[in-house]
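So for the sequence shown, the working numbering puts the first residue at 663; every next one is plus one.
No lab work stands behind these hints, which were simulated from the structure alone. Watch out, some of these pointers could steer you wrong.
[Claimed, not checked] Result set (SDA-like, lysine to any residue): computed pairs, CA atoms no more than 20 Å apart in a straight line:
| no. | residue 1 | residue 2 |
| --- | --- | --- |
| 1 | 1040 | 988 |
| 2 | 755 | 849 |
| 3 | 760 | 867 |
| 4 | 867 | 886 |
| 5 | 913 | 890 |
| 6 | 755 | 913 |
| 7 | 915 | 929 |
| 8 | 797 | 820 |
| 9 | 867 | 897 |
| 10 | 791 | 827 |
| 11 | 915 | 925 |
| 12 | 1019 | 1033 |
| 13 | 849 | 872 |
| 14 | 736 | 791 |
| 15 | 791 | 817 |
| 16 | 820 | 838 |
[Unchecked claim] Using C-beta positions, here's what the derived DEER-type ranges look like:
| no. | residue 1 | residue 2 | range |
| --- | --- | --- | --- |
| 17 | 924 | 809 | 37 to 45 Å |
| 18 | 1026 | 791 | 43 to 51 Å |
| 19 | 813 | 874 | 20 to 28 Å |
| 20 | 1018 | 884 | 39 to 47 Å |
| 21 | 819 | 1013 | 38 to 46 Å |
| 22 | 903 | 1013 | 21 to 29 Å |
| 23 | 1011 | 960 | 40 to 48 Å |
| 24 | 816 | 965 | 50 to 58 Å |
Source: prediction; values computed, not measured. Every residue gets a Cβ at the ideal spot worked out from N, C-alpha and C, and that includes glycine.
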Amino acid sequence: HATVPLIGFQTKTRLSLALDDLYVPLDAIIDRGSRAHDVYDSAQVAEHAKAEDAQLCREELALADAFTRARKLKRRNLVLLGDPGSGKTTHLKQVLLKVIRDGAESVGLEVGTIPVFLPLQAVRDRKAKLAGLIKEQLEGPAFEMPPGFCERLMQHGKLLLLLDGLDEVADADERAEVSRWITAVGKNLPDATVLVSCRYAGYTKDAELGGEFLELHLRPLGDEQMRTFVHNWYRLVMRERLLDEGQAAKKGKALAEGLLKELARPELTAVARVYEMTRNPLLLTAICLVHHDQGRLPHARAKLYEDAIDVLLERWRRRQDKPLLGAADALSVLRPVAYWMHGERGRRQAKGEELRKPVADALEKLRRVDLDAQTFLKEIRDNSGLLTGWGVDEYGFMHLGFQE
(Lines of atoms letter the chains of each structure in order from A and count residues from 1; the text may use other names and numbers.)
(Lines give C-alpha, C1' and ligand atoms only; values in the text may rest on other atoms or scores of the structure.)
Protein backbone atom coordinates (compact mmCIF):
# COMPACT_ATOMS: atom_id res chain seq x y z
CA HIS A 1 0.00 0.00 0.00
CA ALA A 2 3.02 2.33 0.28
CA THR A 3 3.49 2.76 -3.47
CA VAL A 4 1.39 3.83 -6.47
CA PRO A 5 1.94 1.83 -9.69
CA LEU A 6 2.45 4.06 -12.69
CA ILE A 7 2.14 2.93 -16.27
CA GLY A 8 2.76 4.91 -19.44
CA PHE A 9 1.48 4.08 -22.92
CA GLN A 10 4.05 5.15 -25.51
CA THR A 11 7.24 4.44 -23.54
CA LYS A 12 5.75 1.60 -21.49
CA THR A 13 6.94 3.36 -18.35
CA ARG A 14 6.46 1.15 -15.31
CA LEU A 15 7.24 2.86 -12.04
CA SER A 16 6.07 2.53 -8.47
CA LEU A 17 5.97 5.97 -6.88
CA ALA A 18 6.04 6.47 -3.12
CA LEU A 19 2.50 7.31 -2.00
CA ASP A 20 3.75 9.69 0.69
CA ASP A 21 5.63 11.75 -1.90
CA LEU A 22 2.91 11.82 -4.56
CA TYR A 23 -0.09 12.33 -2.29
CA VAL A 24 -1.76 15.74 -2.31
CA PRO A 25 -3.96 16.51 0.74
CA LEU A 26 -7.57 16.65 -0.38
CA ASP A 27 -10.63 18.62 0.72
CA ALA A 28 -14.22 17.54 1.24
CA ILE A 29 -17.68 18.91 1.92
CA ILE A 30 -19.62 17.62 4.91
CA ASP A 31 -23.22 16.62 4.23
CA ARG A 32 -25.23 16.96 7.45
CA GLY A 33 -28.55 17.39 5.72
CA SER A 34 -31.33 15.04 4.82
CA ARG A 35 -31.88 15.42 1.08
CA ALA A 36 -33.39 11.98 1.05
CA HIS A 37 -31.70 9.29 -0.95
CA ASP A 38 -30.28 11.42 -3.76
CA VAL A 39 -27.74 9.63 -5.93
CA TYR A 40 -25.41 12.17 -7.52
CA ASP A 41 -23.77 11.67 -10.91
CA SER A 42 -20.55 13.46 -9.98
CA ALA A 43 -18.82 15.79 -7.55
CA GLN A 44 -19.88 18.77 -9.67
CA VAL A 45 -23.56 17.78 -9.56
CA ALA A 46 -23.41 17.02 -5.84
CA GLU A 47 -21.74 20.33 -5.02
CA HIS A 48 -24.29 22.26 -7.08
CA ALA A 49 -27.17 20.46 -5.35
CA LYS A 50 -25.73 21.22 -1.94
CA ALA A 51 -25.31 24.89 -2.77
CA GLU A 52 -28.92 25.15 -3.95
CA ASP A 53 -30.46 23.51 -0.90
CA ALA A 54 -30.53 26.09 1.90
CA GLN A 55 -31.66 23.49 4.43
CA LEU A 56 -28.41 21.57 4.16
CA CYS A 57 -25.43 22.59 6.25
CA ARG A 58 -22.54 22.89 3.82
CA GLU A 59 -19.16 22.85 5.50
CA GLU A 60 -15.78 22.45 3.84
CA LEU A 61 -12.83 20.81 5.56
CA ALA A 62 -9.45 19.30 4.87
CA LEU A 63 -9.72 15.50 4.84
CA ALA A 64 -6.83 15.40 7.30
CA ASP A 65 -9.22 16.88 9.89
CA ALA A 66 -12.15 14.57 9.13
CA PHE A 67 -11.95 12.28 12.17
CA THR A 68 -11.57 15.19 14.59
CA ARG A 69 -14.52 17.02 13.04
CA ALA A 70 -16.65 13.88 13.08
CA ARG A 71 -16.06 13.47 16.82
CA LYS A 72 -17.19 17.05 17.44
CA LEU A 73 -20.35 16.30 15.48
CA LYS A 74 -20.93 13.18 17.62
CA ARG A 75 -20.28 10.83 14.71
CA ARG A 76 -17.96 7.86 14.98
CA ASN A 77 -17.76 6.70 11.38
CA LEU A 78 -17.40 8.30 7.95
CA VAL A 79 -18.32 7.53 4.35
CA LEU A 80 -16.26 9.26 1.65
CA LEU A 81 -18.05 9.77 -1.68
CA GLY A 82 -16.32 10.86 -4.87
CA ASP A 83 -15.94 10.53 -8.62
CA PRO A 84 -13.97 7.68 -10.22
CA GLY A 85 -10.27 8.52 -10.04
CA SER A 86 -10.81 11.33 -7.52
CA GLY A 87 -8.44 9.88 -4.93
CA LYS A 88 -10.68 7.90 -2.58
CA THR A 89 -8.53 4.75 -2.41
CA THR A 90 -5.33 6.78 -2.31
CA HIS A 91 -6.65 8.73 0.67
CA LEU A 92 -7.55 5.56 2.58
CA LYS A 93 -4.08 4.15 1.95
CA GLN A 94 -2.48 7.41 3.03
CA VAL A 95 -4.44 7.29 6.30
CA LEU A 96 -3.28 3.69 6.78
CA LEU A 97 0.38 4.65 6.33
CA LYS A 98 0.13 7.74 8.52
CA VAL A 99 -1.38 5.82 11.43
CA ILE A 100 1.25 3.08 11.10
CA ARG A 101 4.12 5.57 11.02
CA ASP A 102 2.94 8.43 13.24
CA GLY A 103 0.30 6.85 15.46
CA ALA A 104 -3.48 7.11 15.49
CA GLU A 105 -3.37 10.43 17.33
CA SER A 106 -1.82 11.99 14.20
CA VAL A 107 -5.21 11.71 12.46
CA GLY A 108 -7.31 12.57 15.50
CA LEU A 109 -8.00 9.07 16.81
CA GLU A 110 -7.34 7.47 20.18
CA VAL A 111 -3.82 6.28 20.96
CA GLY A 112 -3.44 2.55 20.32
CA THR A 113 -5.95 2.40 17.45
CA ILE A 114 -4.82 -0.20 14.90
CA PRO A 115 -5.55 0.47 11.19
CA VAL A 116 -6.87 -2.27 8.88
CA PHE A 117 -7.33 -1.80 5.12
CA LEU A 118 -9.95 -4.06 3.53
CA PRO A 119 -11.24 -3.97 -0.09
CA LEU A 120 -15.00 -4.47 0.08
CA GLN A 121 -14.95 -6.68 -3.02
CA ALA A 122 -13.81 -9.38 -0.58
CA VAL A 123 -17.15 -9.20 1.28
CA ARG A 124 -20.20 -10.86 -0.21
CA ASP A 125 -22.75 -11.34 2.58
CA ARG A 126 -23.54 -10.58 6.21
CA LYS A 127 -22.27 -13.98 7.34
CA ALA A 128 -18.67 -13.05 6.56
CA LYS A 129 -16.49 -12.79 9.66
CA LEU A 130 -14.27 -9.73 9.89
CA ALA A 131 -11.40 -11.72 11.43
CA GLY A 132 -11.47 -14.21 8.55
CA LEU A 133 -11.52 -11.45 5.92
CA ILE A 134 -8.55 -9.70 7.53
CA LYS A 135 -6.64 -12.97 7.58
CA GLU A 136 -7.35 -13.53 3.87
CA GLN A 137 -6.07 -10.04 3.03
CA LEU A 138 -2.89 -10.24 5.10
CA GLU A 139 -1.74 -13.76 4.38
CA GLY A 140 0.36 -14.47 1.33
CA PRO A 141 3.11 -16.73 -0.01
CA ALA A 142 5.76 -14.97 2.08
CA PHE A 143 3.72 -14.30 5.21
CA GLU A 144 1.64 -16.53 7.44
CA MET A 145 -0.53 -15.09 10.19
CA PRO A 146 0.40 -16.09 13.76
CA PRO A 147 -2.27 -18.34 15.30
CA GLY A 148 -5.04 -16.35 16.95
CA PHE A 149 -3.75 -12.98 15.69
CA CYS A 150 -7.04 -11.83 14.14
CA GLU A 151 -9.02 -12.97 17.17
CA ARG A 152 -6.74 -10.90 19.43
CA LEU A 153 -7.23 -7.99 17.05
CA MET A 154 -11.00 -8.25 17.53
CA GLN A 155 -10.57 -8.41 21.31
CA HIS A 156 -8.41 -5.28 21.21
CA GLY A 157 -11.38 -3.52 19.62
CA LYS A 158 -9.72 -0.16 19.00
CA LEU A 159 -9.51 -0.46 15.23
CA LEU A 160 -9.61 1.89 12.28
CA LEU A 161 -11.38 -0.07 9.55
CA LEU A 162 -10.58 1.40 6.14
CA LEU A 163 -13.20 -0.24 3.90
CA ASP A 164 -12.49 0.58 0.28
CA GLY A 165 -14.86 0.53 -2.69
CA LEU A 166 -18.44 -0.12 -1.63
CA ASP A 167 -19.41 0.64 -5.24
CA GLU A 168 -17.10 -2.14 -6.48
CA VAL A 169 -19.61 -4.64 -5.14
CA ALA A 170 -21.37 -4.45 -8.50
CA ASP A 171 -24.52 -6.44 -7.73
CA ALA A 172 -27.11 -4.18 -6.09
CA ASP A 173 -28.44 -6.83 -3.70
CA GLU A 174 -24.93 -7.82 -2.65
CA ARG A 175 -24.01 -4.17 -2.09
CA ALA A 176 -27.03 -3.74 0.17
CA GLU A 177 -25.92 -6.85 2.09
CA VAL A 178 -22.40 -5.46 2.45
CA SER A 179 -23.79 -2.15 3.74
CA ARG A 180 -25.75 -4.01 6.40
CA TRP A 181 -22.61 -6.01 7.19
CA ILE A 182 -20.64 -2.76 7.69
CA THR A 183 -23.34 -1.44 10.02
CA ALA A 184 -23.29 -4.69 12.01
CA VAL A 185 -19.48 -4.60 12.30
CA GLY A 186 -19.69 -1.05 13.66
CA LYS A 187 -22.22 -2.09 16.30
CA ASN A 188 -20.24 -5.18 17.33
CA LEU A 189 -17.03 -3.15 17.71
CA PRO A 190 -18.12 -0.04 19.66
CA ASP A 191 -14.51 1.16 20.08
CA ALA A 192 -13.73 0.95 16.36
CA THR A 193 -13.86 3.72 13.76
CA VAL A 194 -14.98 2.93 10.21
CA LEU A 195 -14.12 4.88 7.05
CA VAL A 196 -15.86 3.66 3.88
CA SER A 197 -15.16 4.88 0.33
CA CYS A 198 -17.71 4.76 -2.49
CA ARG A 199 -18.43 6.36 -5.85
CA TYR A 200 -21.45 8.64 -5.94
CA ALA A 201 -23.27 6.35 -8.35
CA GLY A 202 -22.84 3.33 -6.08
CA TYR A 203 -24.29 5.01 -2.99
CA THR A 204 -27.91 4.15 -3.70
CA LYS A 205 -30.80 4.13 -1.24
CA ASP A 206 -30.40 0.44 -0.36
CA ALA A 207 -26.64 0.84 0.13
CA GLU A 208 -26.81 3.88 2.42
CA LEU A 209 -25.12 3.54 5.79
CA GLY A 210 -26.74 4.59 9.05
CA GLY A 211 -26.74 7.81 11.03
CA GLU A 212 -23.45 6.91 12.70
CA PHE A 213 -21.73 7.70 9.40
CA LEU A 214 -20.84 11.28 8.58
CA GLU A 215 -21.10 11.75 4.81
CA LEU A 216 -18.18 13.49 3.12
CA HIS A 217 -18.11 14.60 -0.52
CA LEU A 218 -14.62 14.63 -2.00
CA ARG A 219 -13.90 17.93 -3.75
CA PRO A 220 -12.13 18.25 -7.10
CA LEU A 221 -8.52 19.43 -6.98
CA GLY A 222 -8.08 23.16 -6.50
CA ASP A 223 -5.57 25.21 -8.48
CA GLU A 224 -2.79 24.90 -5.91
CA GLN A 225 -3.47 21.19 -5.36
CA MET A 226 -3.29 20.62 -9.11
CA ARG A 227 0.04 22.44 -9.36
CA THR A 228 1.43 20.51 -6.38
CA PHE A 229 0.33 17.20 -7.91
CA VAL A 230 2.08 17.96 -11.22
CA HIS A 231 5.29 19.01 -9.44
CA ASN A 232 5.20 15.91 -7.21
CA TRP A 233 4.56 13.63 -10.17
CA TYR A 234 7.42 14.90 -12.31
CA ARG A 235 9.84 15.13 -9.37
CA LEU A 236 9.22 11.48 -8.51
CA VAL A 237 9.38 10.25 -12.10
CA MET A 238 12.69 12.00 -12.64
CA ARG A 239 14.00 10.66 -9.33
CA GLU A 240 13.31 7.15 -10.57
CA ARG A 241 14.96 7.87 -13.92
CA LEU A 242 18.05 9.81 -12.80
CA LEU A 243 20.59 8.71 -10.21
CA ASP A 244 21.59 12.22 -9.18
CA GLU A 245 19.01 13.64 -6.73
CA GLY A 246 19.84 17.26 -7.51
CA GLN A 247 19.67 16.73 -11.25
CA ALA A 248 16.36 14.87 -10.89
CA ALA A 249 14.84 17.71 -8.84
CA LYS A 250 15.98 20.33 -11.35
CA LYS A 251 14.74 18.35 -14.35
CA GLY A 252 11.44 17.48 -12.66
CA LYS A 253 10.75 21.11 -11.77
CA ALA A 254 11.47 22.27 -15.32
CA LEU A 255 9.17 19.64 -16.85
CA ALA A 256 6.38 20.37 -14.36
CA GLU A 257 6.56 24.09 -15.05
CA GLY A 258 6.51 23.34 -18.76
CA LEU A 259 3.33 21.28 -18.45
CA LEU A 260 1.64 23.87 -16.22
CA LYS A 261 2.51 26.57 -18.74
CA GLU A 262 0.91 24.53 -21.51
CA LEU A 263 -2.21 23.92 -19.41
CA ALA A 264 -2.46 27.69 -18.98
CA ARG A 265 -2.75 28.22 -22.75
CA PRO A 266 -5.91 30.24 -23.51
CA GLU A 267 -7.22 27.61 -25.93
CA LEU A 268 -7.17 25.09 -23.06
CA THR A 269 -8.20 27.24 -20.09
CA ALA A 270 -11.23 28.48 -22.04
CA VAL A 271 -12.53 24.92 -22.46
CA ALA A 272 -14.42 23.62 -19.44
CA ARG A 273 -13.85 19.98 -20.38
CA VAL A 274 -10.06 20.29 -20.37
CA TYR A 275 -10.22 22.20 -17.09
CA GLU A 276 -12.31 19.40 -15.56
CA MET A 277 -9.66 16.85 -16.52
CA THR A 278 -7.05 18.72 -14.46
CA ARG A 279 -9.28 18.55 -11.37
CA ASN A 280 -9.33 14.73 -11.22
CA PRO A 281 -6.12 12.97 -10.04
CA LEU A 282 -6.53 10.02 -12.42
CA LEU A 283 -7.18 12.19 -15.48
CA LEU A 284 -4.43 14.60 -14.44
CA THR A 285 -2.07 11.61 -14.26
CA ALA A 286 -3.08 10.74 -17.82
CA ILE A 287 -2.27 14.30 -18.90
CA CYS A 288 1.13 14.07 -17.16
CA LEU A 289 1.88 10.82 -18.98
CA VAL A 290 0.91 12.26 -22.36
CA HIS A 291 3.18 15.25 -21.75
CA HIS A 292 5.99 12.98 -20.49
CA ASP A 293 5.79 10.68 -23.53
CA GLN A 294 5.54 13.41 -26.17
CA GLY A 295 7.46 16.27 -24.57
CA ARG A 296 4.43 18.54 -24.96
CA LEU A 297 0.65 18.46 -25.03
CA PRO A 298 -1.14 18.11 -28.37
CA HIS A 299 -2.41 21.43 -29.73
CA ALA A 300 -5.75 19.92 -30.69
CA ARG A 301 -8.10 19.06 -27.84
CA ALA A 302 -9.34 15.98 -29.69
CA LYS A 303 -5.78 14.65 -29.84
CA LEU A 304 -5.33 15.27 -26.10
CA TYR A 305 -8.48 13.25 -25.40
CA GLU A 306 -7.30 10.50 -27.75
CA ASP A 307 -3.87 10.26 -26.11
CA ALA A 308 -5.40 10.26 -22.61
CA ILE A 309 -7.69 7.40 -23.66
CA ASP A 310 -4.64 5.46 -24.85
CA VAL A 311 -3.00 5.93 -21.45
CA LEU A 312 -6.07 4.75 -19.54
CA LEU A 313 -6.62 1.71 -21.76
CA GLU A 314 -2.99 0.66 -21.52
CA ARG A 315 -3.19 1.08 -17.75
CA TRP A 316 -6.29 -1.13 -17.75
CA ARG A 317 -4.64 -3.79 -19.92
CA ARG A 318 -1.57 -4.05 -17.74
CA ARG A 319 -3.62 -4.39 -14.55
CA GLN A 320 -5.06 -7.70 -15.79
CA ASP A 321 -3.32 -11.02 -15.22
CA LYS A 322 -4.87 -12.31 -18.44
CA PRO A 323 -5.94 -9.32 -20.55
CA LEU A 324 -9.39 -9.64 -22.11
CA LEU A 325 -8.31 -7.41 -24.99
CA GLY A 326 -5.38 -5.29 -26.05
CA ALA A 327 -5.67 -1.52 -25.70
CA ALA A 328 -6.24 -0.97 -29.44
CA ASP A 329 -8.94 -3.67 -29.61
CA ALA A 330 -10.67 -2.29 -26.53
CA LEU A 331 -10.75 1.14 -28.18
CA SER A 332 -12.31 -0.35 -31.31
CA VAL A 333 -15.11 -1.78 -29.13
CA LEU A 334 -15.68 1.49 -27.26
CA ARG A 335 -15.96 3.61 -30.40
CA PRO A 336 -19.34 2.12 -31.43
CA VAL A 337 -20.53 2.67 -27.84
CA ALA A 338 -19.64 6.37 -28.05
CA TYR A 339 -21.19 6.62 -31.52
CA TRP A 340 -24.42 4.99 -30.32
CA MET A 341 -24.68 7.37 -27.35
CA HIS A 342 -24.02 10.39 -29.55
CA GLY A 343 -26.70 9.23 -31.97
CA GLU A 344 -29.20 8.98 -29.12
CA ARG A 345 -29.46 12.78 -28.83
CA GLY A 346 -26.10 13.06 -27.14
CA ARG A 347 -26.86 10.78 -24.21
CA ARG A 348 -24.15 10.42 -21.58
CA GLN A 349 -25.51 7.33 -19.86
CA ALA A 350 -27.07 4.08 -21.01
CA LYS A 351 -28.24 0.77 -19.59
CA GLY A 352 -26.08 -2.28 -20.15
CA GLU A 353 -28.84 -3.90 -22.21
CA GLU A 354 -28.90 -0.89 -24.56
CA LEU A 355 -25.16 -1.16 -25.14
CA ARG A 356 -25.12 -4.93 -25.54
CA LYS A 357 -25.66 -4.89 -29.32
CA PRO A 358 -23.00 -2.30 -30.32
CA VAL A 359 -20.49 -4.01 -28.02
CA ALA A 360 -21.38 -7.52 -29.23
CA ASP A 361 -21.15 -6.44 -32.89
CA ALA A 362 -17.72 -4.90 -32.30
CA LEU A 363 -16.49 -8.02 -30.49
CA GLU A 364 -17.75 -10.17 -33.37
CA LYS A 365 -15.71 -8.09 -35.83
CA LEU A 366 -12.66 -8.84 -33.67
CA ARG A 367 -13.63 -12.54 -33.76
CA ARG A 368 -13.97 -12.54 -29.99
CA VAL A 369 -17.28 -14.36 -29.76
CA ASP A 370 -15.96 -15.96 -26.56
CA LEU A 371 -16.15 -12.58 -24.78
CA ASP A 372 -19.67 -11.43 -23.98
CA ALA A 373 -20.68 -7.77 -23.96
CA GLN A 374 -21.65 -7.63 -20.29
CA THR A 375 -18.27 -8.97 -19.16
CA PHE A 376 -16.43 -6.41 -21.29
CA LEU A 377 -18.55 -3.50 -20.04
CA LYS A 378 -18.13 -4.46 -16.39
CA GLU A 379 -14.38 -4.96 -16.75
CA ILE A 380 -13.87 -1.59 -18.46
CA ARG A 381 -16.16 0.12 -15.95
CA ASP A 382 -14.54 -1.35 -12.86
CA ASN A 383 -10.89 -1.12 -13.82
CA SER A 384 -10.14 1.33 -16.64
CA GLY A 385 -11.20 4.74 -15.38
CA LEU A 386 -12.53 5.38 -18.89
CA LEU A 387 -16.06 3.99 -18.77
CA THR A 388 -17.75 4.45 -15.44
CA GLY A 389 -20.88 3.21 -13.70
CA TRP A 390 -23.65 5.69 -13.00
CA GLY A 391 -25.85 3.07 -11.42
CA VAL A 392 -26.10 -0.65 -10.90
CA ASP A 393 -26.40 -1.36 -14.64
CA GLU A 394 -25.84 2.06 -16.18
CA TYR A 395 -22.71 3.13 -18.01
CA GLY A 396 -21.18 6.34 -19.30
CA PHE A 397 -17.82 7.77 -20.29
CA MET A 398 -15.93 9.31 -17.40
CA HIS A 399 -15.34 12.49 -19.39
CA LEU A 400 -17.55 13.88 -22.15
CA GLY A 401 -14.46 14.66 -24.23
CA PHE A 402 -13.70 10.92 -24.33
CA GLN A 403 -17.18 10.14 -25.63
CA GLU A 404 -16.85 12.77 -28.35
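Pair hint outcome, residue 820 versus residue 838 [Cα-Cα no greater than 20 Å]: Roughly 26 Å between the alpha carbons, so the hint for residue 820 and residue 838 is violated.
query: Does residue 913 lie within 20 Å of residue 755 when you go C-alpha to C-alpha?
result: 29 Å, violated
Consistency of beta-carbon spacing, residue 960 to residue 1011, with hint 40 to 48 Å: 28 Å, violated
query: Is the hinted pair residue 755 and residue 849 satisfied, with a Cα-Cα distance of at most 20 Å?
result: Violated, because 24 Å separates the two Cα atoms, which is more than 20 Å.
query: Is the gap between the beta carbons of residue 1018 and residue 884 within 39 to 47 Å?
result: 40 Å, holds
- request: Compare the distance between the alpha carbons of residue 915 and residue 929 with 20 Å, and conclude whether the hinted pair is satisfied.
  value: 24 Å, violated
- request: Compare the distance between the alpha carbons of residue 791 and residue 817 with 20 Å, and conclude whether the hinted pair is satisfied.
  value: 14 Å, holds
- request: Measure nothing beyond the straight line between the CA atoms of residue 1019 and residue 1033; if it is 20 Å or shorter, mark the hint as holding.
  value: Status holds; Cα separation ~13 Å.
message: Can you confirm whether the C-alpha distance between residue 915 and residue 925 stays at or below 20 Å?
response: Holds, at roughly 15 Å.
query: Between residue 924 and residue 809, does the beta-carbon spacing fit 37 to 45 Å?
result: With Cβ atoms ~57 Å apart, the hint is violated.
- prompt: Is the hinted pair residue 797 and residue 820 satisfied, with a Cα-Cα distance of at most 20 Å?
  reply: 17 Å, holds
- request: For the range 21 to 29 Å, tell me whether the beta carbons of residue 903 and residue 1013 fit it or not.
  value: 45 Å, violated
In summary, the structure is inconsistent with hints 2, 3, 4, 6, 7, 9, 14, 16, 17, 22, 23 from the numbered list given earlier, while agreeing with the others.
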